[in-house]
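A.B. asks: Given next are the chains, with one letter for each unit.
Number of protein chains: 2
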Amino acid sequence: MPDYIAPRRDMNFVLNEVLKIEESYSGFEYYQDKVSAELFNQYLDVAADFCQNEILPLNAVGDRQGCSLKDGVVTTPDGFKAAYDKYVELGFPSLTAREEFGGQGLPNLLRTAIQEMTTACNWAWGMYPSLSHGAMRTINHHGTEQQKQIYLPKLISGQWTGTMCLTEAQAGSDLGQVRTKAVPNENGSYAISGEKIFISAGDHDLAENIVHIVLARLPNAPAGTRGISLFIVPKFNVDAEGNKADRNNVICSSLEHKMGIHGNATCVLNFDAARGYLIGPEHKGLLCMFTFMNAARLSTATQGLAISEASYQGALAYAKDRLALRALGGAQFPEKAADPIIVHPAVRSMLLTQKAFAEGGRILTYLIAHWVDVAGVTQDAAEKKKIEDLLALLTPIAKAFLTEMGVECSKHGMQVFGGHGYISEHGMEQLARDMRIACLYEGTTEIQAIDLLGRKILKSDGVLLNNFTGMIEHFIAEHQNQTGIQPMLSKLSELLAEWKSLTDFVAEKAKTNPDETGAASVDYLYFSGYVTLAYVWAKAAQVAQSQIAAGSTDEFYQAKLATAQFYYSKLLNRTKTHAANILEGGEVVFSLDPEAFKFD
Amino acid sequence: MPDYIAPRRDMNFVLNEVLKIEESYSGFEYYQDKVSAELFNQYLDVAADFCQNEILPLNAVGDRQGCSLKDGVVTTPDGFKAAYDKYVELGFPSLTAREEFGGQGLPNLLRTAIQEMTTACNWAWGMYPSLSHGAMRTINHHGTEQQKQIYLPKLISGQWTGTMCLTEAQAGSDLGQVRTKAVPNENGSYAISGEKIFISAGDHDLAENIVHIVLARLPNAPAGTRGISLFIVPKFNVDAEGNKADRNNVICSSLEHKMGIHGNATCVLNFDAARGYLIGPEHKGLLCMFTFMNAARLSTATQGLAISEASYQGALAYAKDRLALRALGGAQFPEKAADPIIVHPAVRSMLLTQKAFAEGGRILTYLIAHWVDVAGVTQDAAEKKKIEDLLALLTPIAKAFLTEMGVECSKHGMQVFGGHGYISEHGMEQLARDMRIACLYEGTTEIQAIDLLGRKILKSDGVLLNNFTGMIEHFIAEHQNQTGIQPMLSKLSELLAEWKSLTDFVAEKAKTNPDETGAASVDYLYFSGYVTLAYVWAKAAQVAQSQIAAGSTDEFYQAKLATAQFYYSKLLNRTKTHAANILEGGEVVFSLDPEAFKFD
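Going down the list, the sequences are from chains A and B. Just so you know, the UniProt record's numbering puts 243 at position 243 of the first sequence, and the rest follows in order with no gaps. Just so you know, the UniProt record's numbering puts 49 at position 49 of the second sequence, and the rest follows in order with no gaps.
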């Protein structure tokens, strides 16, 4: 496993200088006394210490050992339970939960910063506590008062964990095909029967009970997505006082063998008339699920940034240390056997790419997490609507774009190591394998793309897009006289205009052929991702440039500006390809009939 | 493991319709009676049967079991030895070897087509016989008559295998740092001592002896690359009659744990005064090595195409079978629970991308293999020079570009499977893990890029480039009046002009700063790769269009044209990004000092 040091300087830059947390949370009563640079620092200190010293050393172990299933019992890798106990003891599970059930009520933003570190240090381990949040959030939003009383306190304390049971063998992206049945019992509970697959943290030995949130169909439910309801199904039944009772009929029948995240138990769960409780209205399960789904997608975006950072750190250390060949312009370290490979421009470009995606991704995910906080507490209906629209737009962008960039960065990380990148002991290939799941789960990149272009952009008739571009235009106008960043701002302006014109182009095409939306969607998603990251990089550059103009000699700001420059000069050129592909239209994609695709 | 069927129709299209093998080999006496469509078909039938039925079923087994080392003995996965025995029995190791030592003297082209199939079915297994060719080739080119007599017959029969021992812990891309020592013994042999790492097929139980070709330094050798010599070091010493004798002092001290190719033994080899024999002139080992290196790079390019094809086949079968959601324009298979995912444009785009890279890659690698054959036998010095120049230029392009595209295609393969792509039993993730080595070994993508732009393009002052573009221009002129392919030909023309102008741009920049070459190299490599593939796709389109014009109703030709169109409309747009990046120059890459890269 490569070393990892929590990038505290940059995290603080985003928190205190870009998002200005003390100022931006100060208007909300809920967050009084809960947000300050000092408080965040204290939490982040503890979390960084925990991540670097407790779970980072378990990352390679977890990958090697994986989880095991014997006699119906799932065992996690050595050390995972002790680390989880410590995490609970430190109070992390309750961080953002509501205070009435034992939570600390702190901002999502803080949890996002912490999740960045847990993921960078040990993705597989981090998924256990992370999945619990989905269950907590669902019960909190849609549960009855009694359900909250029974389940929330122990989920919040971390004594229990949670899962989300959506997928079945025939129903993944298309949850309308879910077949699991829920038959009413006489006592108001339901008998849940069916098989769920790909259930992350679906069974394990970390906590005394597991609360499954399960999608199933009531008898005579309408077919498709409008006939799915949501149920709470605990691993151990719970008595009226909220104590663990007898074993429920839900068992892990097998564990999947996967490319990565070996330390996390990906379970096939069999429900055999397991006792469950309806949560939310009948047949509205999928709607309720979206509460969780959007949060899960944002959390996945954070995973993308985390691995971009971890692979950057690993590659950077190696690039400074590894000696190979001489700089083309002549030896830069003549006293050494060869120059460190960081002198080679191809290596340096990969490092700058990783740095640009990690740091840009950090600003984007923290900004979104901040908006989630504000949307949750603002009393201003217009502001709430505006932010919810931003979140609707940016969720698929952040999820898909940052995970794809995480895959790219983890590939660069291996590439900087040369052949050593392929060898397990260096840990770079594990980062790449772990990272790869994120473009698949919580909705594939292609599902995010169609959500973005179809449901968010076209269906809102451009309102969601204009809401966001208007905000960026406001930022540009605000800083257009600031020396040193004008070239970036005018490039950003051009991109906004191009974004709108591409949108109009697809909207027009889609009028006569709806498949044009699908054909344009993935390129459109990437285009949107690059522009979105250009916006946050402009924000970072604006802050850094201001500091330099004010006389700061901290080289952090110079490095920030240089990275912004690299992003604008080299990575933004990728928009040219995506724009050109969109303008080609979908005809060449449709021209070959399915039966003409063959090879024998 | 996904099913795989040798794409015989397309292989024959390339062999008989694009390369026209009966015609193009007919002028060479060496290949009289050795090349015909029928003969190739017979060999390919046997090879396809062997690959599909013998080694494909071992691919998942090999991945799961890997190799093991116990008491100094390396054991390959179950079934690997039996399959190797059968391969030897079928006579494949001797296919292209010289007839005087028991070879069949057949074209490299045939072996390339067969290697495509072995790799697609079982990459790890295929490396064992493949590595032998490096050893054979080196001994054949640089060995003494006696060395040939002793080693070649048993390597050619497959009774023994070979390896290439280049890399050491501190010396990978930079072989100038090799430290292994060769001290002369009194009898003319040498005592070889040192540690080599990453030795593929370095030890195993498939063959009775292994012939290592080892880079080492003689006493008082000059430092760096000009002081390295090449040695033959057999695992078991060999007596004067060429029979296996006592064990030599070379042992496998450990096996690497890797991301993929688990079935191939990647060894750390310790040479402790092992008996070795100088091959080729003193201190010229690296030069001799290039004979092997270029062949290995071309063989790696074939691996890229093979996995593009295998992942295409896997994804295609799944996309036709898997039901999820409805086409945006309305249900296309209303009688089914949902539409097969091949109706979704995003899925279809991924399939077309895989198809375009697999089929385009096939033409390119077969074309190169054909040129290797011609260069080996032509009596026409000008033709030989021209072809050697083409090979010099296209080797880094084919190696780097086709392996990177193989990585991309294997990623699409997983993506089409959604979450199931991450699960080992489907085999798609193994393809991605196995594929990943190819951008690292035999010179990383970045090493190929600098070889292309620095050594091949700029150092030849454009001669190598003009040689190739001249050939393409000739092709364009020849077919410019053919209906239906003009838009492709004029696009190709434009790209050639752009390629040259980008080359001039970098050449000019590099005059004042040699690092500009490095900064442009990777984008330049990709640009070159896309144009090169555009050339071979134009060739394919030209043939297909001619058949259609002549009245053929074979839908193969329609599919070929549609795929060419997709390549030209969608994939070629990627050149826009690479061109723009080159024109940005390297300044933003150099602007950050190595010490300013940090994160804490």
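Heads up, a few of these hints could be off.
Since the list gives no way to pick out one identical chain from another, each pair is judged satisfied if it fits inside one copy or across any two copies.
Claimed, not checked - Only pairs whose alpha carbons sit at most 27 Å apart, straight line, appear in this in silico DSS-like list of lysine-lysine:
#1 Lys-576 - Lys-500
#2 Lys-576 - Lys-491
#3 Lys-20 - Lys-598
#4 Lys-70 - Lys-148
#5 Lys-500 - Lys-336
#6 Lys-500 - Lys-244
#7 Lys-511 - Lys-20
#8 Lys-491 - Lys-20
#9 Lys-384 - Lys-244
#10 Lys-336 - Lys-598
#11 Lys-576 - Lys-386
#12 Lys-34 - Lys-509
#13 Lys-598 - Lys-385
#14 Lys-86 - Lys-384
#15 Lys-500 - Lys-385
#16 Lys-336 - Lys-34
#17 Lys-20 - Lys-284
#18 Lys-459 - Lys-34
#19 Lys-20 - Lys-576
#20 Lys-320 - Lys-598
#21 Lys-384 - Lys-336
#22 Lys-491 - Lys-244
#23 Lys-491 - Lys-511
These aren't lab readings, by the way, just hints derived from the structure by calculation.
A.B. asks: Compare the structure with each hint and give your call.
C.D. replies: Going through the hints against the structure:
{"no.": "1", "hint": "Lys-576 - Lys-500", "in the structure": "both (15 Å within a copy, 21 Å between copies)"}
{"no.": "2", "hint": "Lys-576 - Lys-491", "in the structure": "both (13 Å within a copy, 17 Å between copies)"}
{"no.": "3", "hint": "Lys-20 - Lys-598", "in the structure": "between (56 Å within a copy, 23 Å between copies)"}
{"no.": "4", "hint": "Lys-70 - Lys-148", "in the structure": "neither (33 Å within a copy, 57 Å between copies)"}
{"no.": "5", "hint": "Lys-500 - Lys-336", "in the structure": "neither (53 Å within a copy, 38 Å between copies)"}
{"no.": "6", "hint": "Lys-500 - Lys-244", "in the structure": "neither (55 Å within a copy, 74 Å between copies)"}
{"no.": "7", "hint": "Lys-511 - Lys-20", "in the structure": "neither (43 Å within a copy, 47 Å between copies)"}
{"no.": "8", "hint": "Lys-491 - Lys-20", "in the structure": "within (26 Å within a copy, 51 Å between copies)"}
{"no.": "9", "hint": "Lys-384 - Lys-244", "in the structure": "neither (39 Å within a copy, 81 Å between copies)"}
{"no.": "10", "hint": "Lys-336 - Lys-598", "in the structure": "between (55 Å within a copy, 22 Å between copies)"}
{"no.": "11", "hint": "Lys-576 - Lys-386", "in the structure": "neither (30 Å within a copy, 36 Å between copies)"}
{"no.": "12", "hint": "Lys-34 - Lys-509", "in the structure": "neither (50 Å within a copy, 55 Å between copies)"}
{"no.": "13", "hint": "Lys-598 - Lys-385", "in the structure": "neither (49 Å within a copy, 39 Å between copies)"}
{"no.": "14", "hint": "Lys-86 - Lys-384", "in the structure": "neither (37 Å within a copy, 70 Å between copies)"}
{"no.": "15", "hint": "Lys-500 - Lys-385", "in the structure": "within (22 Å within a copy, 53 Å between copies)"}
{"no.": "16", "hint": "Lys-336 - Lys-34", "in the structure": "neither (52 Å within a copy, 54 Å between copies)"}
{"no.": "17", "hint": "Lys-20 - Lys-284", "in the structure": "neither (39 Å within a copy, 63 Å between copies)"}
{"no.": "18", "hint": "Lys-459 - Lys-34", "in the structure": "neither (38 Å within a copy, 64 Å between copies)"}
{"no.": "19", "hint": "Lys-20 - Lys-576", "in the structure": "neither (34 Å within a copy, 38 Å between copies)"}
{"no.": "20", "hint": "Lys-320 - Lys-598", "in the structure": "between (48 Å within a copy, 11 Å between copies)"}
{"no.": "21", "hint": "Lys-384 - Lys-336", "in the structure": "neither (59 Å within a copy, 42 Å between copies)"}
{"no.": "22", "hint": "Lys-491 - Lys-244", "in the structure": "neither (59 Å within a copy, 70 Å between copies)"}
{"no.": "23", "hint": "Lys-491 - Lys-511", "in the structure": "neither (31 Å within a copy, 30 Å between copies)"}
Hints 4, 5, 6, 7, 9, 11, 12, 13, 14, 16, 17, 18, 19, 21, 22 and 23, counting from the list given before, are not met by this structure.
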